[in-house]
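Two chains, two frames, a set of hints: combine them into the complex.
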Amino acid sequence: MVKDNSSRKSDLLPGTLEMLILKTLDRNDEPMHGYGIALYIKQISRDVLRVEEGSLYPALQRLAVKGLINGAWRDSDTGRRARYYKLTAAGRKQLIAEVADFEKVLDAILRVVQPA
Amino acid sequence: MKKIAELFRRIFHLRERSDFARGLSEEMQHHLELKTEENIRAGMSEKEAQYAAQREFGNVTLLNEDSRNIWSFRRVEQFLQDVRYGARMLRKSPGFTIVAILTLALGIGANTAIFSLVNGILLRPLPYSQPHRLVAITDSYSQGSIVAMQKILKTMDLGGYLEGAEFNLTGRGEPSRLYGTSVSANTFSILDAKPALGRIFVAGEDHPGNDNVVILSNAFWQKILGSDPNVVGQQIALDGVNRQIVGVMPADFQFPSQKSQLWVPLHLDPRNVGTYWGSGFMPIVGRLRNGMSIAQAHSEFRAALPQLRAAFPWKMPDSLWGGASVILLQAQITGDVQTKLFVLLGAICLVLLIACANVANLLLARGVTRQREMAVRAALGADRRRIFQQLLTESALLAICGGALGMFLAVEGLKWLKIILPADTPRLASITIDWRVLAFTASIAVITGIIAGLAPALFATKIDLTESLKKGGQHSASTASSSSHRLRSALAIAEISLAFVLVIGAGLLVKSLWELVRVNPGFQTESIITARIMPSKSFCASAVRCQNFYGELVDRVRAIPGVNDAAIVDVLPLDGRVDAFAADMEGHPRNPRDPAAVIFDSLIFANYLQLMGIPLLSGRALAPADSIPDAAPVALVTAWTANKFWPNQNPIGKHVKRTFMNGWITIVGLVGDVHQENLVSRYPAFVDGAIYEPYGVNQATGRPRLTDMTLVLRASNNQMNYGQSLQQIMASLNPDAPVGDVTTLRNIVTKSSSTARSTVALFSVFAALALTLAAIGIYGVISYSVTQRRPEIGMRMALGAQWQDIVRLVVGHGARLALIGIAIGIAASVALTRLMKSLLFGVSATDPLTFTSVSILLILVAIAACYIPARRAMRVDPMVVLRHD
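One line per chain: the protein sequences are D and F, in this order.
Under numbering that gives the first Met the number 0, think of the first position of the first sequence as 0, with each following residue one higher.
Under numbering that gives the first Met the number 0, think of the first position of the second sequence as 0, with each following residue one higher.
Derived by calculation from the structure, the hints in this document are not laboratory data.
A portion of the hints provided could be inaccurate.
[As the list claims (entries may be wrong)] Derived DSS-like pairs: lysine-lysine, alpha-carbon spacing no greater than 27 Å straight-line:
1) D:LYS22 <-> F:LYS1
2) D:LYS92 <-> F:LYS2
3) D:LYS103 <-> F:LYS1
4) D:LYS103 <-> D:LYS41
5) F:LYS46 <-> D:LYS41
6) D:LYS65 <-> F:LYS1
7) D:LYS22 <-> F:LYS2
8) D:LYS65 <-> D:LYS41
Bound conformation, chain F alone (with noise of 0.2 Å):
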């Protein structure tokens, strides 16, 4: 207490600082004075009284000095008197002080770019209510399956929700196609999101019947309805379907992502068995009830899973949903980015610590030419914590400085995040610069000072005063300047290693995109455009008008001049969306309690094979007669499945059958694989084969009927703009489908192969930024052992040294410090290149020829970075320097 009311003391003291100085001074004249008049008094003379009351009363200018201090915040002043000093110096010295401050801000400001990252997606906590006891289940489950588990499991509450359920919108101007997301009637209430107009769905919604309603995004009631505020209650028709509008959700609300244009209820039918049971698997989310953890409610799920998997009217493995488990609902959303932004963030401070190093070299250097100036402070004075203090200060104001710098490169540097990483990262567009992200730039700025000027400000300090004093400036050789040399050329090794990582970790990386991008998919993928066709359910109803309808546009495309041919399939390869079926396989007989085959099913019509450059192996490619109604159902098998199942046979004439039909599919031709998923594996790993069938419903074997297709056409010149001609045949063919996602296959390959080339993009700048940093620092050290060196340059040119010789022995002192970097570097990357192996594919993290090619690379950059040292030593002239010394 009694400290706080002192401390308001001396606050309200500031205010009359300089008339207590004042009074002070007079109080203690009138003292003298008085003292004097004493003296006289006793019988001394005029000037004895006066010699002998300033004896008495003390040394005035200490007594004054000492009275002020006891009122003022010494510590606050000098800190203060500190700032305004260093301040002064760096404006001295302008070169130094603005490339200092520059290195700072890129390597502040690319650690704060990176964070928000880290912060957007994985730190900020989700925009729901209590958004720690939001759990997912990791895998996907069919929606019988979701039913049983909301009856079994009592720790939480949960729903599916499936992303993808597309509509076509009429009545209201144009027809458009939209994008929903089909959920659990309870998925809404589960993530506790409050619309803002009506009310989300209830239990039991998602019951036939009950479920013609919709619920709309804040951007589709914005841009389509005009922001109405009396659209609840309206009706709009989806897929020809009136359905009623009961809410629209807030703006900020996007689940399960933005792409989500509406939100219908699932319609939950068990009798249609396929569907209820055997298609469309779906992720789930969850809440814990009251008092639950996520450890209860997992074992709690993994006790049921038996339970659960005997729910299926059919077998299903023992290994199915083997991995599954109830984890945070954060986790799962950016579970598959993780690793990715670690290892970027690590990256990113590696190039602080560079930046770091070059600046503390930048000091180093300038702590030897003020050495003359400390000295002499010191003979004034000063101790030698004031001065490491000040000049700590001077570098804690070089890294404030750069901190906002770089604050400022961060927003732009986040803006051109934003564009260059995938767009399917989630949280990717609502990530802005919060107060975590301040903080964090506050706190690296003032940790960046603090290392940056460690070393040099406890150089400067260890100073001889007569040696500095004598000698000062340029030509030091004292012990304390060449053990500063010796830390600068420790730095410099230190950069060259650091950057070697670096450039490693870029160099892995686009060997792996390299590897990536020449696998070959199974087709071709130059000169063919694509573009989904979408007709309203209702349309397609008649599955004879759906299949007349699709003949008829391939025929009326082939007729497009320029178009080679054109052909429908119900997925593309690389899409990675994969619709399989349980099946039963010819010669593997199956005790009804074993697992079935899992079989990927593509549906195809027209020359489709051809067109896509699929080889056809052996045996007859699908026709058209084979998607009329009746027609004996066909289909292709491809060579991995017929590898797998019947080795050494031949596959012509082998059955296939789906688990639950009773008809059999035979096999009347051998295709050649696809990339179903990825450029990185086929299909996933749950897949055991995979079969092309002609479009078209056949009720015996259990072909679905397709609405929505891909039309694929080859264009023999090089113009890619069909857009407009399809768009013309579809709107008198059947002007209530829109013509979607118009594009070419070449971008859809390369899209698929878009997060391998973000990274690469990424590291790329970060190990140019490294590289540069460390050159900058060679040059920096060599260039300074040039000048300590020109006497003994001199000297040797005096004694017949030629031009090469001296070139050679600058560029050696720098090679030198590269080959030392580079043998600490390749033992630092061989240990920390294993934390990037998931983002590598088909390189090793010890690839040598990688390494091989860097440490040449790092070697030419330090030997062009002694180049211009080298030039001004090659400029000596011996005659001015011997003279000079």
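So here's chain D without its partners, still in its complex pose (with noise of 0.2 Å):
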């Protein structure tokens, strides 16, 4: 029958979402609503990475469930209220650890596919 967390299509590795999203807010100094993540995350990877950007949502409350984010009402430019997230310190030190697996990883997929 149906599960609860359905693996949705998407070019990332699995985790490697909430990564982007720490990445995200650390590289801003102000905190950032939802909508702003994902297009920062669309500009910089150049139109690569595309996200199903619903997928945001539960990966941030995985990241508030956590204490690596924290998110706060506030009225936007827009007029309409949105919740802005920000990054706690143990955030940061989650971030560069998991900077730190994923670059290992990433050598061994480079080495492995380095021409000979």
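Below is the structure:
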């Protein structure tokens, strides 16, 4: 029957979405809302990484439950209310660890794929 | 650590859940709007931009749910949901729910009540400090032996205690009779008992000269002394002797039982050889010394036995204390009832199993009618595990309600148990429902819910979607329903087997009781009244005065209108008390190193034997002249004794003497045997014979001086209330001597079988419960089967079957189930009844009469249970049924 965490089509390895969100918030000093984060990832990756934008929200909640980001309501520039997310100290530490892990994996893949 | 922080975050989130949900929707809405704008800027039309944005975003509803699920305690929420749904479903079928809860409540409540007995008697630690260091030595020991043991044994501190010291209290209001215990000086400190007032006994206080002290019980202090805080140091007159009160014990101190109102030290006088070594054998309590184990104490004790036997001033048999051992004090106190309690607990567990089977049957039947509901739920997307969880939650709900109601039943049941069990059951009065019992109730409620609900839940989730949705409801002939029917039949058969075992147990016990009551105790029991006469020791210090008093008493009692005859005896039969002495029997010369015979001795006065209907077989009875101080010492011997020591000889003229005295006693008569100890055995195993001696002191032969005696009188009419007349006579003869324990001999005989009676009563209640539940079980299965087979019945009737054939069909089904159950039950009973052998008397554990009658009973019950379904089957109208299908 239907399961709760259905896997969705994504170009990303599992878990990297969260790392990207953390990095995004780290790069930009000021808090960002969901749309802003999605836009940033799209722009900086030059349109290569296209995330199903809705899947951002469960990812944001996962980060919030673990205490890695904090969300606060603010009035946005369009007049609507929106939640703006910010990195926490724990989040910053986690980011460094995740990036290190990711780079290790990347390194390994590159070595395998390297032309002889 | 991180997990804990996450847990807290989740908990805090609970408060703002609805805000969060709203906020999330807004957030996503906002995101979509911005995306739409971006698309518009990129050149799409408004409509296109919107669709594109939504496509890119994804399924909003699903994303919403996923996001919320990250914060929720999914398992807990599911469980609460299940509970709410389950409660609703149960409310919808109140009939089923009430029957199920009642059945479970009966099973759980009865189990809790019996377990509270097991807990209160066997499991609860004794109320002394470090109770696991307290030991007892089995068997009983004389004063001299105890003093010797205290010197010799190094592994433990020990002291003796003898319950049954009775005193007359005078000088504080009405004279009353007090019941107390004599103890070694160190017994209280062994128990580590702390007094409420004053102090406990100190070393040396059990020696003559120091022993005019007494410690009072809390109840006595409250009732007679009015809780006077200054009693310590005061004197009270017990048996005419002033004793100083040195302490008062707290209310919860009851040693050795709650009967003791006071404690006095033993009067250890080695010069009084007869008492010091020869009478008043008592039990011993001890405390292991530091670092010692029970095993060490036991081996030291066993190794010291030869030395202890040799300490006696005369030769004791080498078999003395042969089986004695050092055991935990708690084990000694509760040892006798242990088997009985476990048998009862086992029986009530069987009742619980039957109750579970009944509820499982009910659930299975209900499961069949709910097939449609299950199918719809499955079609809507519930997975099998979820439905299974929910059904199990439902049965857990039933079990919890049943447990709560059962708890209430158990409290009432415990009150009834305390009344019905014999009063001398150890620790009975202080049994309560404590935390262990509550934990037990909670656990069996949960286990019961799981056992009863497991199979039905499994069956209900085994559904074939299309079949059920098409057919649905009552007439489902799917495989699930027919295999559930097979399971229900199997459960009904199991119930019959279990009920069979229980009814067999009850039947065997009833037959035991019947055999016990039929035992001829050796004397007449009707129309005889007994009373304890207890003059003070100072009154009877003069033997002549004492004897004259009793003589006068008998004459005056005889003169009461309605009294046929009166007599005096020291100990009534079936009383259980045995006063015996070591004897030399004529014609059995004994090496001083060999053990002597142990002879039970009863002192009688006036026409005791004739009054009690004990036959005089040859020779003469005792006469008042035999009681005169210098009369020739004579005695009567019982048939069993004469047969043992002088087989085929005339016992008249033979002689007997106490080993440590010089005077020989002449046998002048032969009388019939009586049951002295209990209805099962005449005398304890260590007794070799019994004689009757005339009341009165005799120096040469060592006939003891006795103060307290029992008056027996035979009433000619059925009036049994002579208590007042007796009081009046006593008041004029000896005002300081209370009259106690006025009762009939019939009561005493009945009381001696009270343990057996209570066991029978309890077991019968269990058996009745089991039988009722099993009958309900059969009724359920047969009734359901009739419903299922209505088309078939209609067909048969249309084809010419008469009502007799239909009835035979239905009842035959029930009888078949019963027969299979009985067969299994017989096998199980044969295996299990040997566990209760020690409770049976005069009946074998596989008594054929009992087995046959119980089998017949069960078949009749099964047939009776089929009555209503059979009637329903008869009323089937073939036209209606055939048309309907």
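Hint check:
1. For a cut-off of 27 Å, the pair hint linking D:LYS22 to F:LYS1 stands: about 21 Å separates their Cα positions.
2. Of the pairs offered as hints, the one joining D:LYS92 and F:LYS2 holds, with about 17 Å between alpha carbons and a cut-off of 27 Å not exceeded.
3. Restraint check for D:LYS103 and F:LYS1: the C-alpha separation of about 25 Å stays at or below 27 Å, so the hint holds.
4. Note on D:LYS103 and D:LYS41: the hinted pairing holds, with a Cα-Cα distance of about 24 Å set against a maximum of 27 Å.
5. Pair hint F:LYS46 plus D:LYS41 holds up; C-alpha atoms about 23 Å apart against a cutoff of 27 Å.
6. This hinted pair checks out: D:LYS65 and F:LYS1 have alpha carbons roughly 8 Å apart, not beyond 27 Å.
7. A C-alpha spacing of about 23 Å is found between D:LYS22 and F:LYS2, which places the hinted pair at or below 27 Å, so the restraint holds.
8. A hinted pair counts as satisfied when its Cα atoms are at most 27 Å apart, and D:LYS65 with D:LYS41 qualifies at roughly 25 Å.
The structure fails none of the hints (numbered hints given earlier).
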